[in-house]
Amino acid sequence: MPPLIEMRAIERTYVMGDNLVRALRGVDLTIEQGASIAIMGTSGSGKSTLMNIMGCLDQPTKGNYLLHGRDVARLSRAQLADVRGRMIGFVFQSFNLLSRTSALENVEMPLMYQGVGAGERHRRAMAALERVNLKGREDHHPNQLSGGQQQRVAIARALVTEAPVIMADEPTGNLDTKTSYEVMAILQGIVAQGKTVILVTHESDIAAYAQRVITLRDGLIIDDRKQTPLTPPPPEKHDQEAA
Amino acid sequence: MSIFATLKLALRALWRNKVRSLLTMLGIVFGIGAVIAMVAGGQGAQAAVKEVFQSLGTNVLVVSNNSMRQGGPSQGAGGGAALTWEDLRRLEQESLPTVRYIAPVLETRTQLVSEGGNWATSVSGTTATWFKIRNWDVEQGASFDEDTGNSNAKVAVIGKTVAAQLFPNENPIGQVIRISGQPYEVLGVLTSKGQGPRGDNDDTVIIPLNAYKQKLSRDGGAKYLKGQILVSMMEDDQAETTMQKLTELLRDWHKLDAKDDDDFRIRNPAEFAKAQQDSTERIATLLAIVAAVSLFVGGIGVMNIMLVSVIERTREIGIRMAVGAKPVDVMTQFLVESLALAAVGGLLGLGLGYVSAQYMADYFGWKMFFPATTAAVAFAVAGGVGVVFGLYPAIRASQLDPITALRYET
Numbered sequence: 004m005p006p007l008i009e010m011r012a013i014e015r016t017y018v019m020g021d022n023l024v025r026a027l028r029g030v031d032l033t034i035e036q037g038a039s040i041a042i043m044g045t046s047g048s049g050k051s052t053l054m055n056i057m058g059c060l061d062q063p064t065k066g067n068y069l070l071h072g073r074d075v076a077r078l079s080r081a082q083l084a085d086v087r088g089r090m091i092g093f094v095f096q097s098f099n100l101l102s103r104t105s106a107l108e109n110v111e112m113p114l115m116y117q118g119v120g121a122g123e124r125h126r127r128a129m130a131a132l133e134r135v136n137l138k139g140r141e142d143h144h145p146n147q148l149s150g151g152q153q154q155r156v157a158i159a160r161a162l163v164t165e166a167p168v169i170m171a172d173e174p175t176g177n178l179d180t181k182t183s184y185e186v187m188a189i190l191q192g193i194v195a196q197g198k199t200v201i202l203v204t205h206e207s208d209i210a211a212y213a214q215r216v217i218t219l220r221d222g223l224i225i226d227d228r229k230q231t232p233l234t235p236p237p238p239e240k241h242d243q244e245a246a
Numbered sequence: 158m159s160i161f162a163t164l165k166l167a168l169r170a171l172w173r174n175k176v177r178s179l180l181t182m183l184g185i186v187f188g189i190g191a192v193i194a195m196v197a198g199g200q201g202a203q204a205a206v207k208e209v210f211q212s213l214g215t216n217v218l219v220v221s222n223n224s225m226r227q228g229g230p231s232q233g234a235g236g237g238a239a240l241t242w243e244d245l246r247r248l249e250q251e252s253l254p255t256v257r258y259i260a261p262v263l264e265t266r267t268q269l270v271s272e273g274g275n276w277a278t279s280v281s282g283t284t285a286t287w288f289k290i291r292n293w294d295v296e297q298g299a300s301f302d303e304d305t306g307n308s309n310a311k312v313a314v315i316g317k318t319v320a321a322q323l324f325p326n327e328n329p330i331g332q333v334i335r336i337s338g339q340p341y342e343v344l345g346v347l348t349s350k351g352q353g354p355r356g357d358n359d360d361t362v363i364i365p366l367n368a369y370k371q372k373l374s375r376d377g378g379a380k381y382l383k384g385q386i387l388v389s390m391m392e393d394d395q396a397e398t399t400m401q402k403l404t405e406l407l408r409d410w411h412k413l414d415a416k417d418d419d420d421f422r423i424r425n426p427a428e429f430a431k432a433q434q435d436s437t438e439r440i441a442t443l444l445a446i447v448a449a450v451s452l453f454v455g456g457i458g459v460m461n462i463m464l465v466s467v468i469e470r471t472r473e474i475g476i477r478m479a480v481g482a483k484p485v486d487v488m489t490q491f492l493v494e495s496l497a498l499a500a501v502g503g504l505l506g507l508g509l510g511y512v513s514a515q516y517m518a519d520y521f522g523w524k525m526f527f528p529a530t531t532a533a534v535a536f537a538v539a540g541g542v543g544v545v546f547g548l549y550p551a552i553r554a555s556q557l558d559p560i561t562a563l564r565y566e567t
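One line per chain: the protein sequences are D and E, in this order.
Read in this note's numbering, the first sequence has 13 at position 10, and its numbers run on one by one without any break.
Read in this note's numbering, the second sequence has 542 at position 385, and its numbers run on one by one without any break.
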């Protein structure tokens, strides 16, 4: 069984005007299945670029990237989209839900692009919403949900495809502390079910919930260590929160 | 992604911007509506022109005195007439191979009087052959037979308009009408031919040639034929040769020199009809082109709105791409949206076109044509407009970079 993510000498260079920006300058990284990893670094350290490449939203200028043993560094746009749909679930800082679209339809959306039938789609989306404790809110639109609830819809959307990797880019950046705990608890639950969660954050107290912390600076990994993750304080009363 | 799901998505996106979708659609609605109305109108107008000239009888030449004659031989007692009864007799004797029927017609406008009322109309004196040339039957009663036509019997066959004016509530057959004081018995009423190039075809009375000569010709119709000779041909394509032959014969009989102008005139109404129809067709084509241009402008409206829509929904596109939408999925989504916009507009346009065509037909008294082929083509064109003008925005959407699109601030 190959490792989930294997990156060798990954470089990413942008041209901005007359300048060549070297966002990643040779990153080697191996991530096994079922881990929780936090990628840390200040802004400009290259952590977002690394996440974009890991998430198959972007491609490296140089180097090899094997995802589940498959080289995805040179795929076409359509092939990349397919890999994203099946392998990766995204959770963004700003939730990125479709407005004026119900929670259920937001969660169903990735399945539509995989050609899953309507009945199956509905069943799986309902199950995913239940996993993030949003049963009964499936018909709510994003503007009728709190920030924490919106982020949980986004997590459900990432879970619904049964993708092995969840990439969360500053998932708690727009949330208060209490709601952040909830989101982190849900993400830890996902790891316990055997999925890999990759967190991108600049907050060390969020990174403390991961089993492994990778720190980037100037496009290079400068620190990579394992730790015993913190457990978020027990949820007080999740479900009454927006009732 | 299934087509059904894509279509549902597209209709929902359009429904969200109801007013904008409707306004964009209007361009297509009016474009398609105008194309259909113009084509239907053109066909109606052409049919009307055709009908007018068909009422003259097709495949007929009209030989008449040349009223515009300059110089030429002495006019004699005929006063402007050059055709003679002798010409007619010799023409009949000649029995040209291309000629089927020959009939002289004398015509005047006069007052008719019946017990019920009076009416001014045109009275023609002719023979039974005339009905064959004009291909005109009676609807009621009888027409003249060969003998009656050549006799001086005081009988008449009347048109529908005359029948309606003189005998509004009675059966006109067997009734008596007075023409210039003389009583004529009504034998029959002609079928309606509607409007002709000289007005109402049905406003007419036909009496036997000899009765006309005796009672209505001032000179008793002695030598000159002060009317027309209708000549019908065996086949449709013989008008040209027959006209040449007739000209040759008449010039010979009238002893005209090579330098003399014709003192008679031969017209081919079919040719005139064709010219009329050609000009109607040109106008119709022109109008259809103008309508097509307006459809094109409508298409540009669709493209414009789709471009705006793509920009507004950049973030949505980014999200869809992140969760696995391929470029072709995004392209299809926008293409189906513009196609749906154009198709719905096209359907409404068909309705509008139908209603306008109906209204025009009523207004101008044409026959209503709903050009089914044009409608189908116009609808297909609307769809084509949706695709062609939706393609560029859709391609732009599909080529967005997911990372940039996700960061896009609205």
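Hint data in this document are derived by calculation from the structure and do not stem from the laboratory.
Beta carbons: idealized from backbone N, C-alpha and C, even for Gly.
Any given hint could be a false lead.
[As the list claims (entries may be wrong)] Partial chain E-side listing against chain D, Cβ under 7 Å, derived: (1) A441; (2) L444; (3) I476; (4) G508.
[As the list claims (entries may be wrong)] Just the calculated beta-carbon pair ranges, DEER-fashion: (5) D/E133 x E/L504: 16 to 26 Å; (6) E/L164 x D/Q36: 52 to 62 Å; (7) E/S159 x D/R73: 20 to 30 Å.
[Unchecked claim] Cβ-to-Cβ under 7 Å is the rule here; a few derived chain D residues that face chain E: (8) I34; (9) N55; (10) L60; (11) K65; (12) G66; (13) A76; (14) R77; (15) A81; (16) A84; (17) F93; (18) N99; (19) L101; (20) E108; (21) M112; (22) Y184.
Against the structure, the hints:
1. A441: violated, 47 Å
2. L444: violated, 44 Å
3. I476: holds, 5 Å
4. G508: violated, 30 Å
5. D/E133 x E/L504: 16 to 26 Å: Violated, at about 43 Å.
6. E/L164 x D/Q36: 52 to 62 Å: Between E/L164 and D/Q36, where Cβ atoms are some 39 Å apart, the hint is violated.
7. E/S159 x D/R73: 20 to 30 Å: Given about 27 Å between the Cβ atoms, the range holds.
8. I34: violated, 20 Å
9. N55: Holds. Min distance 6 Å.
10. L60: This hint holds: D/L60 lies near chain E, its Cβ roughly 5 Å from the closest one there, short of 7 Å.
11. K65: Violated. Min distance 19 Å.
12. G66: violated, 18 Å
13. A76: violated, 16 Å
14. R77: With a minimum Cβ separation of about 17 Å from chain E (threshold 7 Å), the hint on D/R77 is violated.
15. A81: This interface hint holds because 4 Å falls under the 7 Å limit.
16. A84: holds, 4 Å
17. F93: holds, 5 Å
18. N99: holds, 5 Å
19. L101: holds, 6 Å
20. E108: Nearest chain E Cβ about 10 Å off; hint violated.
21. M112: At about 6 Å, which falls below the 7 Å cut-off, the nearest Cβ of chain E leaves the hint on D/M112 intact, so it holds.
22. Y184: Interface hint status for D/Y184: violated (26 Å vs cutoff 7 Å).
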